[in-house]
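*Asks:* The residues making up each chain are set out below.
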Amino acid sequence: MLKALCRRMMSRSCWVYHANSGGCNGCDIEVLNVLTPYYDAERFGVKLVASPRHADAMLCQGPALRSTAQALRRAYEAMPAPKLVIAIGSCAGGGGAWFDSYAVMGGVEKVLPVDFFVPGCPPRPEAILHGVAVALGILGKSVSPRPPLVQPAFPFPRYHTDGEPPAGEPASGAAPAAPTTPR
Amino acid sequence: MSLTSKLKEAWIGLSAGTVTLPYPLAPHPPGPGFRGRPVFDAARCIGCGGCASNCPAREILIYDPCQELRVIRYLGRRCTSCGRCAEVCPEKAITMSEAFELATDRLSDLEQRLTLFMGSCQRCGRCFAAPTPLDALKLTGYRVDDLEAGRWVCASRSAPPGEPAADVEIEL
Numbered sequence: 001m002l003k004a005l006c007r008r009m010m011s012r013s014c015w016v017y018h019a020n021s022g023g024c025n026g027c028d029i030e031v032l033n034v035l036t037p038y039y040d041a042e043r044f045g046v047k048l049v050a051s052p053r054h055a056d057a058m059l060c061q062g063p064a065l066r067s068t069a070q071a072l073r074r075a076y077e078a079m080p081a082p083k084l085v086i087a088i089g090s091c092a093g094g095g096g097a098w099f100d101s102y103a104v105m106g107g108v109e110k111v112l113p114v115d116f117f118v119p120g121c122p123p124r125p126e127a128i129l130h131g132v133a134v135a136l137g138i139l140g141k142s143v144s145p146r147p148p149l150v151q152p153a154f155p156f157p158r159y160h161t162d163g164e165p166p167a168g169e170p171a172s173g174a175a176p177a178a179p180t181t182p183r
Numbered sequence: 001m002s003l004t005s006k007l008k009e010a011w012i013g014l015s016a017g018t019v020t021l022p023y024p025l026a027p028h029p030p031g032p033g034f035r036g037r038p039v040f041d042a043a044r045c046i047g048c049g050g051c052a053s054n055c056p057a058r059e060i061l062i063y064d065p066c067q068e069l070r071v072i073r074y075l076g077r078r079c080t081s082c083g084r085c086a087e088v089c090p091e092k093a094i095t096m097s098e099a100f101e102l103a104t105d106r107l108s109d110l111e112q113r114l115t116l117f118m119g120s121c122q123r124c125g126r127c128f129a130a131p132t133p134l135d136a137l138k139l140t141g142y143r144v145d146d147l148e149a150g151r152w153v154c155a156s157r158s159a160p161p162g163e164p165a166a167d168v169e170i171e172l
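The listed protein sequences correspond, in order, to chains A and B. Numbering-wise (my numbering), the first sequence opens with residue 1 and increments by one. Numbering-wise (my numbering), the second sequence opens with residue 1 and increments by one.
Since the hints were made in silico from the structure, they are not lab data. Some hints here could point you the wrong way.
What the hints assert, rightly or not - On the chain A side, residues computed to face chain B include the following (Cβ under 10 Å):
#1 13
#2 14
#3 15
#4 48
#5 49
#6 51
#7 69
#8 75
#9 76
#10 79
#11 80
#12 99
#13 115
#14 119
#15 124
Glycine is no exception: its CB is placed at the ideal position from the N, C-alpha and C atoms.
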């Protein structure tokens, strides 16, 4: 019975390893903030471990630098097989504000297959908690692509009408004919 | 000695009460002044491109397919929510929302894409008054960023004829 209880309780316990590959330490502070009693991620089984060999998920902070990419790759390969990579912060997501530096290769997805992104600079502790919960399937994503915003119809007839339908008829393929009110 | 210190420790621990936030089960909105994801309003945007010129992370790309259209693409992957786009926007078309729960498995979820009608001068093309000669060297007029690859291309108007206008290309 105790074994069954343990199996049920531990099935979703995600041990995380946080790997900073050249960040500014802001995201590290927020990740450690998640583990304080104030946010208390350990009630969901999320525990910070010191070795990637003990970890189920890797929280990557900082961009992939030329000097740390090999070490980051080795830490990823040291994790046991069902592994999850969560890129935390805008540096890990796309390279950060210093993306065009000679030392920065880009986001960590240049080096690792990233499963989840938590953008922010740094993300709030709540956002990191939400990201881990989304990665574990506890919560659903709350962000979705906004539909493209289009002003399709020209509000007044064009001066050069070469190859265009005459004014008054909707252009072929253009979506709703009702023009948006010009400001 | 030891017992009293333990009792003191227990008293401190008990008197603090519960400090853990019920966050994932209950919402915890950020405080005032929090800058989250920028939200673009196509109805107010005039397409001046000031946000794209001022974005430190080069996250706002502009592509002009023809004279009357301008496509603005915002990629949220390395946006630091610094708010400079919202600050320079003359029409307040960009607002920094309070959305911070942006965890996603696809970076395309963070995108925003605007296709704007541009009322350009039909005699000279697109006229933007540059207040200073330094501003005239900056990005006014047409822009040809690489929307599909997500690359910001600085198109210089001073490129000699026959040479490519893109003088700065930023590898990602």
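*Asks:* If a hint holds in the structure, say so; if it does not, say that too.
*Replies:* Status of the hints after comparison with the structure:
no.: 1; hint: 13; verdict: violated, 16 Å
no.: 2; hint: 14; verdict: violated, 14 Å
no.: 3; hint: 15; verdict: violated, 19 Å
no.: 4; hint: 48; verdict: violated, 17 Å
no.: 5; hint: 49; verdict: violated, 21 Å
no.: 6; hint: 51; verdict: violated, 25 Å
no.: 7; hint: 69; verdict: violated, 15 Å
no.: 8; hint: 75; verdict: violated, 21 Å
no.: 9; hint: 76; verdict: violated, 17 Å
no.: 10; hint: 79; verdict: violated, 18 Å
no.: 11; hint: 80; verdict: violated, 21 Å
no.: 12; hint: 99; verdict: holds, 6 Å
no.: 13; hint: 115; verdict: holds, 6 Å
no.: 14; hint: 119; verdict: holds, 5 Å
no.: 15; hint: 124; verdict: holds, 5 Å
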